[in-house]
Amino acid sequence: MTIPGSWYLVVAALLFGLGAFGVLTRRNVIVMFMSLELMLNAVNLTFVSYARMLNDVGGQVDVFFVLVVAAAEVVVGLGIIVAIFRQRATVTADDISSLKG
Amino acid sequence: MAQYLPIVIMLVLGGVFAAGSFIGSGLLAPKRPHRAKLAPYECGIVPRSEPPERFPVRFFLVAMIFIIFDIEIIFLYPFAAAAGELGTFGVIEVAGFALVVFIAFAYLVANGALSWGPSRKQSYRVVEERLASKVPTGVRGE
Amino acid sequence: MGAVGFVVLFPLLGFLVLLTFGRRLGDPVAGWLGTLAVFGSFVSAIVVWLARLGNEGHPYVLRLFDWFSAGGLHVNVSFRVDGLSVAMILFVTGVATLIHLYSIGYMKGDPLYHQFFVYLNLFVFSMVVLVTANTLPLAFLGWEGVGACSYWLISFWFERPTAASAGKKAFIVNRIGDTGFLLGTFLVFEHLGSVSFSRLTAGSLNLSPDTATAIVLLFFLAAAGKSAQLPLFTWLLDAMEGPTPVSALIHAATMVTAGVYLMARLSPILALAHTADLVIAIVGVATAFVAAMAATAQTDIKKIVAYSTVSQLGYMMLGIGTGAYTAAIFLMITHAFYKALIFLGSGSVIHSLNGEQNIRRMGALKKYMPITTVTMILAWLSIAGVPPFSGFFSKGAVLENAFGDSPLLWAAGVITALLTAYYMGRLVYVVFYGTPRFEEVTHGHDPHESPSVMTIPLIVLAAAAVIGGLLNLPVSGFGFLGSWLAPVFGTAQAAYPMSAGLKDGLMATDAVVALLGVFLSWRAWGGVSENPALERKIFFNGWYIDAFYDRAFARTGTAVAEVADTVVDRQIVDGAVTGVAGVARLVGGAGRKVQSGLVRSYLLIMVGGLIVMLGYVLTVAAR
Amino acid sequence: MIFANVLSQLPIALPAISYKAVAPELVLFGGALLILLVSATVGKRELPGLYRAIALVAALAEGGFSGYQLYLAQGAKASLAVAGAIAYDGFSAFAGIVVAAILLLAILIGPGFIKRIAGDGPEFLVLMLISAMGATVMAQGEDLIVIFIGLEILSIALYVMVGYRIGDGLAREAAFKYFILGGFSSAIFLYGIALVYGATGTTNLAKIGAFLALNVLTHDGVLLFGLALLLLGFGFKVSAVPFHLWSPDVYQGAPTSVTGYMAAMAKVGAFAALIRVFDIAFAGQIVQWRPIVVGLAILSMVFGALFALRQRELKKILAYSSINHAGFILLGVYAGTAAAISNTLFYLIAYAVIVVGTFGLVSIVQDSIGVSEGSCSLDQLRGLARSRPALATVTAIMVLAQAGAPFTTGFLAKFSIIVSVVEIREYWVAVVAMLSAAIAVAFYLRIVLAMFRGEPEEVEGERVLAIQGAATEAPARRQALAWIGVSLSLVFTVGFGIFPQPLLDLAARAHIVG
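Chains as they are written, first to last, in our numbering: chain A, 1 to 101; chain B, 102 to 243; chain C, 244 to 866; chain D, 867 to 1380.
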């Protein structure tokens, strides 16, 4: 049994939506961050699915670049989060709002 | 509108799935709460705020260094798969790529990012303080 | 004719030198230096004028350099020497020189003495650039420059909250106008492919009437803001918060006439837009009337003069709207003389009374300030249009053309002329005659005549106000200004065929009306020397003319004036200005609320924006 | 189908790497690596002078290469290099020159103040060079993925730079916000790329253009969805309303010299890519995306101007001002004609120089009156004209240039953009733009007035903080190089404001041919 390519796209869209939903609703910055990674990986899945459907290798190569970028983002993001942790005990996004107004 | 059907389905399914998983976990998870169970400690003063979590930073540093090599492998593996066909051109390109990563690595080592063993705790603390006070951690991991 | 470069250069140099060394030069060297710079500019203007004598027909363009060209748009920095610009620079630099001189005495002891001359020189520079610019963008530079200087100078004494808010009001009103200027510029570029005045010659423009109307109305918006026309005139009254020389220079003689100049410069387009012309004429005459009415009921000396300025500007716009550009420019020049004189005279009075501006606390100053008194009386007779003073000829020329266009416009103008003679008479009688009522403000000291740096400009201006009519006598062969400006306006100038008898009749009417106004003011305010209460008694004792006057002017006039002041000014215009500011403030406040500092609400707003975009794509774009 | 199989099936075409094409990127990156290497080998000592010299040489070399490319490329079609992933033409070369100008000024202005915060380390300059490389990659990217990589190189380095005052709560908060919001928008941008890829079968802009020219899509929903997502990504980077929310917070929290650098560099990179993607590759879809772009532009112009009116925090006012500018530049993208693109480039270089200079001046002001870099309210500016007349005058000129005062590049920039809009006969848009500019003048003047009015206020608490943060170096020495940078930007702004023709010609030469 072959699974139609569009199913992969749907799964990817679901994952992307889930990631976005997570970023929007979660208060814990680490979880927000994880959700962000989920979004990126959902895009990877989209790329691979399209590459398969279009029979084009380009989409697969793109995934590599996205992976690299995601890794770099992880490094910097964690660095910033660690810095926040060190100064205050909280990891809740809603507490970080002294720049308002 | 037929052409948008996949998109609409995607959106709807995305929403339903996202919401459903939250609702589902709320409904399905066994919940028999009582006060003592909700309190972080069963005796003593009820804390007013969340206790700070312990957060060992050094693992992040290690993880970041790991990521550098992890990423290097991502590019090296496809190169290896087609190294023969790519020939000299490929070797030169990959060497350039490795050189860049190596310089970043040399910078890390020079700044003491790898000296995290217990025996050299002293020097590690220096790095840690520097990270905390001046330069964000990300700089080291780049 | 390249001397026009020096006309521009001198005030700029003065500005730069004063900006750099002004504080060190101090009082009074900085003032003298500033005056010298403007005087140099005036001398250069005379050189330009002499060089032009004999070849008035062809405009000369001094091209400095190409400023920029973008797409089809080419803008260069070039100055235009033609009849109009020469007339403008002559009177602008001339009047400015006198006012600089006067300021040396007036501003003595002010902690920001040098700063004042920095602004004044920058103002003269901007004004000269405005009137000599050969392209609309360069003129806009000057336009903005005079606006900015006006703003700074109105709020020069910024410690007073009223001065600060007056500056703000002037600024907002002028910005509204500036939008019209720029939009008009773009329309001109769009339809004529050039923004140079060289391209604007009468009769050669290929514009549809609708386009011309749109352009003219946009520029008129700008002009109405700058030249204080209904309903944008209120800022000018508040602008009296500035030092008096500023009021004289900027808010009477020069800057406020920039709108009139602009419309005159655009006369080739105006000639194609008859609807717009009518609008301008009606707005002009309405402004003249409303302001004159308001002037009859004021007690602050500067407010009276300010209303009078608004009223006179209305006359100039009436001239523009009826196609009488020469008459409008003529009135502008003579007005600059006598209005600057009135302001400086008022300033002289205020100066000697320790800053008092209420005419109820003046009176009988004739004895103490003879020069000021005599010059003020001459100014009054000029503005009233009593023959043979300058106002008689210039106002007469405007009214004559108004009659040619529509007798209704003329009638309104004549009534206003009557009012003009009357309220200025009231000013003169109450301030300089009657009983002294200034003990409170002078604490027993007698008022004194101002120093000679202040009286000399008064005398010079008075002479100019008296003989200014010679510039353009309605006698063939003596219409110097008319023939001087004829090449500029060309066929744009409206010509109303009139019999010589009708012309004489109109002139006679003007003279009679002026004298009637003078007479009325004398009956109402001159016969009394004791106090206002006595004046009432005489009214009631019943001179028919006084009763009529009381009814028509003192009562109705007060009512109308109050309506003009409270309803039009405070409610409508202030309301609009406050409204704009309020909306801006409201949105700004909302912005601060949106900027909650919470990452997740930022995310939510971004996603909201995304959803709107996607919704648009789904419903509209993807058809 | 395993990847290796794919590879073995296809003959591999080795791309010809045109080093001439990527020279700007190479020198920037090489400079960054060299600085890292030097700092790694010298051990504990730091050599700030050497680092700065290397960075300056790299910036100048980048500008030189870009200038050479501009000279080569005049009027010619874009040359594609590196297997069609990189384009080099007049447009990208001009953007490269803008990048070099920003770098030059920022290297002169920034490090002195950064030293106060974080010492002499090489990292700041390295990050600057790397992010500048990201911007040039964006300007040259002929492939959506390359543009994405450029965007991320630029952004990730900026995340770190924003968090440079990591000891300060506001800076940490700014870095965190910028990171989370930036990451979110990048992910959405990337999803947009994936959708475009799915709709057209390629991420290469030239091929997308060719594909869309040849094929009429019956199902263009996916493509348009992709475009909308791409616009969000770009809109975020250029801080267009409603994706602007990060910028007031981040502008305030970041070190002031970083704020100026970021405001300029992010806009140059993002707008260069935006023009290449939308005005060239998706020119055929202009009917569909134009309303969105003009909507973003108008919202940005209007709200940028209005929101600033009630701000009292100088850096936040300037943040809203940059939002207002972004709206204007978006108008150039919206007009989309060749002349409009040149005008946009002119606006970009004018804006970039002005904004780096302005924030440099804000740095000097903050340093002089002794407040921390995170805050400077208008009240604290009071009396500056009396205590530091030269500083106040120069600041006033730069702020007025932002407002679009005549005889500065700021005026010409706004003027020419509006001319472009008038030329496509969208008068109402021009009216809105001018009204927003008129409103904006009000808050610019507030800044000027604050400096020229009143007595200086004593701010005790801030003074104490400043003394704690102050390095041993005297402010005069710290400010000397910054003054050079600021003076350069002033000379540029006023000089090209009076004689703009060479710059306009250069920008006119830089439009994209075909």
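What the hints contain is simulated information worked out from the structure, not anything from laboratory work. Incorrect hints may appear among the rest.
[Claimed, not checked] Using C-beta positions, here's what the derived DEER-type ranges look like:
1. D/884 - C/266: 51 to 61 angstroms
2. C/306 - D/1150: 18 to 28 angstroms
3. B/204 - D/1076: 55 to 65 angstroms
[Stated by the list, open to error] To be clear about the criterion: a stretch of chain A counts as covered by chain C if any three or more of its residues have a C-beta under 8 angstroms from a C-beta of chain C, and this derived list gives those stretches:
4. 73-85
5. 93-100
The beta-carbon is built from N, C-alpha and C at its ideal position, and this holds for glycine as well.
Right, here's what the structure says about each hint:
1. D/884 - C/266: 51 to 61 angstroms: For residue 884 of chain D and residue 266 of chain C the Cβ distance comes to about 59 angstroms; the hint holds.
2. C/306 - D/1150: 18 to 28 angstroms: violated (44 angstroms)
3. B/204 - D/1076: 55 to 65 angstroms: Violated, since residue 204 of chain B and residue 1076 of chain D (Cβ atoms, about 39 angstroms apart) do not stay within the stated range.
4. 73-85: violated (count 0)
5. 93-100: Our answer is that it holds, as 7 residues pass the Cβ test (under 8 angstroms) against chain C, meeting three.
When each numbered hint is compared with the structure, violations occur for hints 2, 3 and 4.
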